[in-house]
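Starting from the structure of chain A, add chains B and C with the ligands where the hints point.
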Amino acid sequence: MKLDPKVPSGPIEKKWDHHRFEMKLINPANKRKHEIIVVGTGLAGGSAAASLAELGYDVKAFCIQDSPRRAHSIAAQGGINAAKNYPNDGDSIWRLFYDTVKGGDYRSREANVYRLAQISNNIIDQCVAQGVPFAREYGGTLSNRSFGGAQVSRTFYARGQTGQQLLLGAYGALMRQVDTGKVKMFPRREMLDVVVVDGKARGIVVRNLDTGEFERYAADAVILCTGGYGNVFYLSTNAFNSNVTAAWRCHRRGAAFANPCFTQIHPTCIPVSGDYQSKLTLMSESLRNDGRVWVPKKKDDDRPANSIPEEERDYYLERKYPAFGNLVPRDIASRSAKEVCDAGYGVGETGKAVYLDFRDAIERMGRSAIEDKYGNLFDMYQRITGEDPYTVPMRIYPAIHYTMGGLWVDYNLMSTLPGLHVLGEANYSDHGANRLGASALMQGLCDGYFVIPYTIGDYIANVDLKKVDADSPEFEQTAREAQERTQRLLSIQGQKTPREFHRELGHVVWDYVGMSREEAGLRKALEQIRSLREEFWENLHVPGRNDTLNKYLEIAGRVSDYLELAELMAVDALDRKESCGAHFREEYQTEEGEARRNDEDYMYVAAWEWKGENQDWELHKENLEYENVTPSQRSYK
Amino acid sequence: MANRYWGLASTIGKKLLMGLTGLALVGFVFVHLAGNLLLLSPNPDHFNLYAHTLESMGFLLYLAEAGLVLVFGVHIYNGISISLKNRRARPVQYRKKGNAGGASYKNTSSMSMIWTGLILFVFLIWHLIAFKFGGGIEAGYTTQLSGVEGPVRDLYALVVERFGEAWFSGLYVLVMVLLGVHLRHGFWSAFQSLGANHPRYMPYVRALGLVVALVLAVGFLFIPIYLYVTGGAQA
Amino acid sequence: MAKTLNLTLRIWRQAGPDAPGKLVDYEVDDISDEMSFLEMLDVLNERLTKQGQEPIEFDSDCREGICGTCGLTIDGVAHGPVAGVSCCQLHMRHYRDGDTITIEPFRAAAFPIIKDLVVDRSAFDRIVQAGGYVGVNTGNAPDANALPIAKNQADLAMDAATCIGCGACVASCPNGSAALFTGAKISQYTFLPQGQPERKRRALRMAEAMDEAGFGNCSNHAECEAVCPKSISISNIARMRREYFRAALTRRDD
Ligand SMILES: Cc1cc2nc3c(=O)[nH]c(=O)nc-3n(C[C@H](O)[C@H](O)[C@H](O)COP(=O)(O)OP(=O)(O)OC[C@H]3O[C@@H](n4cnc5c(N)ncnc54)[C@H](O)[C@@H]3O)c2cc1C
Ligand code: HEM
Ligand code: HEM
Ligand code: SF4
Ligand code: F3S
Ligand code: FES
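Protein chains in written order, with my numbering: chain A, 54 to 690; chain B, 26 to 260; chain C, 820 to 1073.
Chain A extracted, bound-state conformation (with noise of 0.2 Å):
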C-alpha cells in the first residue's frame, strides 16, 4: 500500500481551482450511464447523492434508518462556521484556515484545510438557498455567533437545531432526486461489506434490517458517509445507530484507517446515573460563556452544593487557566475535569461530576437573562435529571462526542481501496488532532455538495470500469461472507448479551484509550480488548432469528466491529508517543501539565493497514508539510 494525498501543486490559495480545471469531465449524457452508491444519508451523504444526482448520475442512497433524515447529523446543535466575515470582526478565509490547522494541533493536511475554508461560504449560500431558517437580525440578515472559544463570529445556526436544519435542507435535496428517479433510496439497510472487483470497490452487501436478507448492489464508485465511531465507548453523545461498522468492513477489504485515536471528548454533558445509562446527552458549550465550574475543596464532600460555603469551593479552572478560565479549549476542560475527579473531589452520586454553576450570573445578569439565553437548555437538563439548575448547580461530565480519526482518503476524498471515497465524519477529517466546534457541519457538506461532485467524475473518466453486475462471483462470495458472520453471531448461543460486551469493552475504552492515555494503561487495554474479543465469540448470545428485524442481531455485528476497532485504537495511541490535540499521553506532558507534541518524530498522519484476524497492523505515515502555517505550541494560561 502507498499513501498518496495527491495534494495538487501550486500556491494554497489556487490549489483547489487548478484542480477543479485539470479534472477530467464526463459529458452529461454519459454520466446518466454511470452509477454510484452513496452509503449513509448525513449531512455528507445526503448533500452528496442530492448534488451527484443533479449532475446526472443514477444513485443509490442507503441508510439505516426508516428515514434518512434520522441520521446523526440532526443531533447537532451549535451551528456551522463559514468565513463570510458578515459581522466584519477580522475573519476571513486565511483566518478560518488557519484556526483550523491550529486548532487541530498540526495534524492535519493543510491543503484540504484550506479548501474547506474556502468552499465555507459557499455552504451558506447554498444552505440559505434551500430555505434553511438560520437565525436573523431584525434588519434580515443572518446572525452569526462566536462558538467553541473562537475570536470571531463566524458560526452561524438556527437555534439549538442547526444539524437538524441543515440535514433537512440536504434531505430535502435529496428527496427531490428521488422525485425525479435518479436517486434510489434505500432506508432500513445496514452496509456489511463492500464488494471488491479487480481491486476496485464496485458493490456493497447490504442487509435489509426487515426482513434478514442479503442484498447485493453494483455500480461505478462508492461513497461511504457513514459518521463516526464514538459508539465504541458504548456511552457517548452519538445515536444509538451510529456505528463504525460500513468503515471497518471497508478497512478490512483494504482502506487504511487513520488517526484512530484522535477522538474528541466534550466536557459538557449530563453525567452518568447508573449502569443502565444508554447514552449521553450533550450540553452546549454555550453554557461555559457564564457558568462557573467548581468541585468542593474537600475529597469526598457529600454536602449538597448549596451548603458549601464560598471559600471551600475550588473553581479549579479559573485557578489553573487565568487566562482562559472556564473558557479553556475542550480537550483542557474535559481532562481538568477527570482530573480533579480522579482525585476524589468529584460530585455527586457516582463521584464522576463536577459543578457548573450559574449563581454569580444569575445574581449578575438576572433569572430572566439567563432564561432568554439558555432557557431551553435548562429546560432539557431538568427533564433529564429532575433538578433545577436555576437553583441548584449543574452536574456536568465530559463525554466522548466526535471521532477524528477515520478512513485514510486523499486530496480527492478517495480511500486505498480504489473507487471507494469516503465523507463526512467517516475519514480522516480535516480536523487533525482535535476538531473545532462547529466544523464538523462544514465538513460534511463541503464533501458532499462541492468536493465529491468533482472528484468522482474525474475518477470515472480516468478507470477502466468494465460492467459488473450484483450476480457476478465476487458479490455472491462477499455476500456469503457477510452471511455466514451473521449467522456465526446467531449461533454461539453462550450467555451474554451483546449489550453486556459493549458495556465491558466501553469501560476499557473509557479508562485507557480515553480522556489521557499512558502507556501501561494501553497495553492492559489491549489484553483486555484482545481477551473481551475471544469471549465475545464464545459466550455471545443473540435472541431471535436473522429472518425479522432483530436489533440484538444489529447490536452484536457492530459490537464485533467495535472490539477490533478498539484494539487499533490502542494500538495507535501506543504508538503516537507524544501528545497532541485531544490525544493526551501523560508520559508526554509539559511541567505545568500541558500537552507536550512531538513535530519531529511525529508530524504525520497514521495510516494503518489491515493484514488479517489476529496480525498485526502495519502502519503507513503520511508525512505533514506545513508551509503556510507555522506550528506553535498552544497556551492558554
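None of these hints come from the bench; they were simulated from the model.
Be aware that a few hints might be false.
Here are the simulated BS3-like pairs of lysine-lysine, each with C-alpha atoms no more than 27 Å apart in a straight line [what the hints assert, rightly or not]:
1) A:Lys690 with A:Lys391
2) A:Lys674 with A:Lys664
3) B:Lys121 with C:Lys841
4) A:Lys426 with C:Lys970
Covered by chain B, per the in silico footprint, the following chain C stretches (three or more residues, Cβ under 8 Å) [what the hints assert, rightly or not]:
5) 895-902
6) 920-926
7) 990-999
8) 1030-1044
9) 1055-1061
All C-beta atoms in this analysis are idealised placements derived from N, C-alpha and C, irrespective of residue type, glycine included.
Just chains B and C with the ligands now, kept in the frame of chain A:
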C-alpha cells in the same frame, strides 16, 4: 391528478366544503330559530303569517329550498365520505384510550360528529314528514289571517298539537342537545377547515362556538318544552 | 436520591407485519426513577434475553428528542404523558410504584407495523418527496445575505421547521391524518421568500401525496398539537389549507 374539481375532491377540499356547508347550515338554523321563536308569541297569527309569507314566495322559496337541499346534501355526503376514509386510515384502535389534554380539542363533541350528524339527518327526515309534509289544509289545519284572502294553513296548530305529545317533545329536546354537541366542535372547526386560524383571534372563535352551540340548542329546545308545558296560545 | 419502582407493563407484541398482535403483561421490578422510559425498556429487554425470551422491538436513535425515530403510544397518548417531549425524553420519575403502563405502537393505516412496537413511517418521505423542499440545485445560490428576511418571518419558519418527523401527530389523530406534519412543512416555505416560486406546486403535490399515502382527513381534533414533541401549532394546518385553496383555484396546468 387528484386535484380535480378545483381540488374539492381531496381531503382538504372536502373539508372546505364541510366548513362552508356547515356554516351555511348554522346560518339557516339561526334564521329558522328566529322564525320559530314566533311560536312563543301569545298570538298564533304571528307564526302562521310568517309561515304563510314564506310559502307564498313561490319561485324564490323553491330556489332557497333547492339551495338548502344542496347544502344539506353536500354536507351529508362529504360527512359520510370523510368518516369512511378516516376509519380506513385508522383501522385498529388503541386498546387503551387516552387523551393528551393540553392543546388538544379532542372531546366527545369532536369524536361524535358523524353520529350526531347522522342522528340530525334522521331527525330531519322525520321533521320534514311531521311538519313540512304533514297536516296541511286538506287535513283541516286551517285558519284565517287578517289581510290574507282565503283559508291559510294553520301550521301553528299542527306544531302545538305535535309538541303536546310527550315523546315527541322529548325526542326533540334530545336532538336539540345533540345539535348543540355537533356545533360545540363544528363551529370553530369550520373556521379551521376554511383556513381561517389566526392565533390571535382563534380563542374568540372557539368561545363564540360555545355560545352559538348553547344559543341554538337552548333556543330550539325551549320551544317544545314551552309548548308542551303551556299547551300553546289558544289551549 | 434515586427511588426504585415496580411496574406492570402491558406491551403490544406482534411477530411481523401480518401476524396477529396482542398485549402481553410483564412485571418489571427495581426500575430506578432516574431512568428514561426507553432505558426502562432496555432493562426489560436485557432481562428477557437472559431468560431466553425474545426482546421487545422498539425504535430509537438519538435518544435526545431530535431524530424522531422513537415513537410509542403510552397509555393511549403518543409519546406519553409529558407534553412537548418525545418518548426518549420521558423519564421514569413521572411514574409511581405499582403503576400499570400500556405500551402500543403508533397506529395508523399509513404506518404499517414491522414488528412489536416498530412501524414503517416511509409514507412521510413520500409526502416530502412531492415538494417538501426548495428546488435549487447545488451551486445555484446567490450570496446568503442577498436576500434579507424579516426576523419574525424567519422565526415563524423555524417554528414550523422544528418538526422531527416522528409521526406522533398521525398516531394520536383519531383519523390517522398527517395534516400537522404536512402543514408544518408547507408552512415553513410559505414564510420564506425562497419558497415562493414553487408555492402552488408544492401545496398541491404534497396534499395529493398525503391523500395517496392513505392518511385520513383532519377533523381538527388538535390531539396532534398536544402530543407533538415540538408543540407545532394546528394553525399550520389552517395555513396548509389556505395554500391549497389558493393553488387549486388559481393554478394553471404546470
Ligand atoms: C450531540 C452532537 C452535537 C454536535 N454538534 C455539532 C455542532 O454544533 N457543529 C458541528 O459542526 N458539529 C457538531 N457535531 C458533529 C457533527 O454532527 C457530525 O460530525 C456530523 O453530523 C457527521 O455527519 P455525517 O454525514 O458524516 O454522518 P452522520 O450524520 O452520522 O450519518 C451517518 C449516516 O450513515 C448511515 N450509516 C451508518 N452506518 C451505516 C451502515 N453500516 N450501513 C448503512 N448506512 C449506515 C446512517 O444511517 C446515517 O444515514 C455534533 C455531534 C453530536 C453527537
Ligand atoms: C344532517 C345531517 C348532518 C350530518 C350527517 C353531519 C355530519 C357532519 C360531520 C361528519 C362532520 C365532521 C366532519 C369532519 O370530520 O371534519 C360535520 C361537521 C360540521 N357540521 Fe354537520 N352534519 C349534519 C348536520 C349539520 C347541521 C344541521 C349543522 C348546522 C346547524 C351542521 C354543522 C356542522 C359544522 C359547522 C361542521 C364543522 C365543519 C368543519 O369542521 O369543517 N351539521 N357534520
Ligand atoms: C324546536 C325546533 C324546531 C321547530 C319547532 C321547527 C319547526 C319547523 C316547521 C314548522 C317547519 C315547516 C315549515 C314549512 O313547512 O313551511 C320546519 C321546516 C324545516 N325545518 Fe324545522 N324546526 C325545528 C328545528 C329544526 C332543526 C334543528 C333543523 C335543522 C337541523 C330544522 C330544519 C328544518 C328544515 C330543513 C325545514 C324545511 C324548510 C323548507 O323546506 O322550507 N328544523 N321546521
Ligand atoms: S408535527 Fe410534531 S408530532 Fe408530527 S411528525 Fe412533526 S414533530 Fe412529530
Ligand atoms: S389530531 Fe387529527 S384531526 Fe387534525 S387537528 Fe390533528 S390532524
Ligand atoms: S430517539 Fe431520537 S427523538 Fe427519540
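Against the structure, the hints:
1. A:Lys690 with A:Lys391: Distance ~19 Å between lysine 690 (chain A) and lysine 391 (chain A) Cα, so the pair holds.
2. A:Lys674 with A:Lys664: 16 Å, holds
3. B:Lys121 with C:Lys841: 12 Å, holds
4. A:Lys426 with C:Lys970: Given pair lysine 426 (chain A), lysine 970 (chain C) holds - Cα atoms ~17 Å apart, limit 27 Å.
5. 895-902: holds (count 4)
6. 920-926: Since 3 is at least three, the answer is holds.
7. 990-999: Satisfied; 6 residues make the cut.
8. 1030-1044: This one holds; 13 residues, not fewer than the three required, reach chain B with a Cβ under 8 Å.
9. 1055-1061: holds (count 6)
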